[in-house]
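Chains as they are written, first to last, in my numbering: chain A, 1 to 211; chain B, 1 to 391.
Derived by calculation from the structure, the hints in this document are not laboratory data.
C-beta: ideal position from N, C-alpha, C; glycine also.
One should not assume that every hint holds.
What the hints assert, rightly or not - Just a few of them, taken from the derived set where beta-carbon distance is under 7 Å, the chain A residues facing chain B:
#	residue
1	Ala17
2	Pro21
3	Phe172
4	Leu183
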Amino acid sequence: MFKGFILGLSSGGYCLASCIPVFVPYILSEDKKTKWNFICLSKFMLGRLLGYILFALLAWITGNFIIKQSHYKEIIFALSYIFLSFTLIVYTFSKSHRFCNIKYFSKFSNYSNKEKGFTTVVLLGFLTGINVCPPFILAFSDAAFFTNILSSIFYFAAFFVGTAVYFIPIPFIGVLKGKQIKLIGQMCSLIIGVFYMYSGIMMLFKEMMLQ
Amino acid sequence: MNNLESKKIAETSTVKKFTKSVAACIPILLLSIVLLSGGSSLPKEPLMKISFSIGYVFINVIFFLMVYTKKTYKYRKIFFVIYALLFAVSFMTNLIEVRGSIFYNESTFINGGTPFCHMVIPMIIIPAALTKTIIFPGSLLTGFASIASMIVIWLGASIAFGRGWCSWACFYGGLDEGCSSLCKKPKLKINRKWTYLSFAILISIVLLSAATLAPVYCDWLCPFKAVTEAEQITSTIVLIKTIVFYALFLILVIILPILTGKRTQCGLFCPFGAFQSFSNKINIFEIRIDKNKCLNCKKCVRECPTYSIDENSLANGKALMTCTKCGKCIDTCPASAVSYHIKGTKIGVKTNLSRYLFLYPAYIFALTIGGGAMIKGVYRLLKLITTGSFF
């Protein structure tokens, strides 16, 4: 567990770099206060943790099989890119940008709105969580050699905690406010969504051609 | 006073104005010799001598006209467009001479033979901080257009004249400026909301470059690949990229500027321009509007080529942070209410002095970056005319 934490702490910069293209435009387009951004971050991180746990399970079940079979790995990543881009693009054009607002968050009566927002941000976290970054592959390789499933999950959880430290400053982007920032954030979501969509399709196309 | 006397007074003032203008040009007359020769001895080859002379005369005549007529934009534009065209000629022919082709491939990357361009600067910052690597396949110190030299030049320019870089030093800006000049009456109006697109592209490419550890803008979006260097088409992906580059060049640098009369690539798309806008905050020069003189005709709002004056900024008496200090608003204002201004001084006072203090560093910087390339460009063209080949 400690090794997972240290690995996360030492290489969290890479994880941050992989996740900020998705999370920063989201925060900007919400145009909310810092404390609400922290709530958003916690939801995003929950999604990311779920992604990590899924991979911990996969690592334990397959014992490095997926990581060795490059086409499985590529297909999973390609599909995750496509879903990620789809979520970002849908988010850009959706009119409901209220789910980070604490008023709505606490309003259980407005269930559908809350539900929608919760799902989107957790999904973004989950999809970025199952994407590759070099330290993630290292953690995956390590976790594959554990004999019981709990060790594998705890290892990934500790890795997650180590990397999470680097995400703490992001909600402070909330100090940038205004209609213009919101518009820029929405444009970013679209541009990044299109980029990931293209990357995913190309990855999938390449794998299909190889097979 | 009879006609003869008034004619004599007018003649004397013209002579005085002419003499003053020549005196104001002396620093540029002297410095341009050093800047154009790159600090080494003057060229000996006859054709190079002719190119040098043409370049030297052109550069100094332009500066003289800016000083004598007090029109900045009109003459800067001529300089800027010719600079961009000659740069493209000089750059592409130089690549052919050095690398054998304007196309690059994997071996170019491995050898670090890709020239570094200022557009990459915003993309290398986060990866350099996080991974201590520069995500560009260029040389750090050696060769022409090395990473270190370009960063030093950019830092100096940012301190000296902020986003003035985009109208005085950028070797691409003259292309869409030239095309926008072809538009006599705008046939298309673009919603001002799109002016935020360049900031969105900036944030996106900075974040994606950090995530992928590759300069995403250069890989996917740079329209100027069409007039500099291009990747050898060896796969479908490269073919798609090449189509994207040429399509963007056609739309943003040629078609939209001709239809709108604006510098659409610089004002709506360029991420480096958006990045450079922040340097306007720390730079001492700005464009101010004297509200006491302003007629509120909004000519400056309509004429600004980079959408840097809107009604709100006009009410505040200054241009937006995206201003490239091209001088068009100053030249076109019918009440002379717009001027170059030094932060911290009174508005509308000693505007001529502020203009000179801006013009000198801006022009010297333009010559530092582009002077040599202009001379080489002229040389290549003369060579083509006289021998039928660029080399």
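Interface hint outcome for proline 21 of chain A [beta carbon to chain B under 7 Å]: 4 Å, holds
Interface hint for phenylalanine 172 of chain A, Cβ within 7 Å of any Cβ on chain B: Not OK, violated: phenylalanine 172 of chain A not within 7 Å of chain B, min 16 Å.
Alanine 17 of chain A as an interface hint toward chain B, with CB separation required under 7 Å: For alanine 17 of chain A, the interface hint holds, since the closest Cβ of chain B sits about 4 Å away, which is under 7 Å.
Classify the hint on leucine 183 of chain A as holds or violated, based on whether any CB of chain B lies nearer than 7 Å to its CB. Hint on leucine 183 of chain A: holds, closest Cβ of chain B at ~5 Å, below 7 Å.
When each numbered hint is compared with the structure, a violation occurs for hint 3 only.
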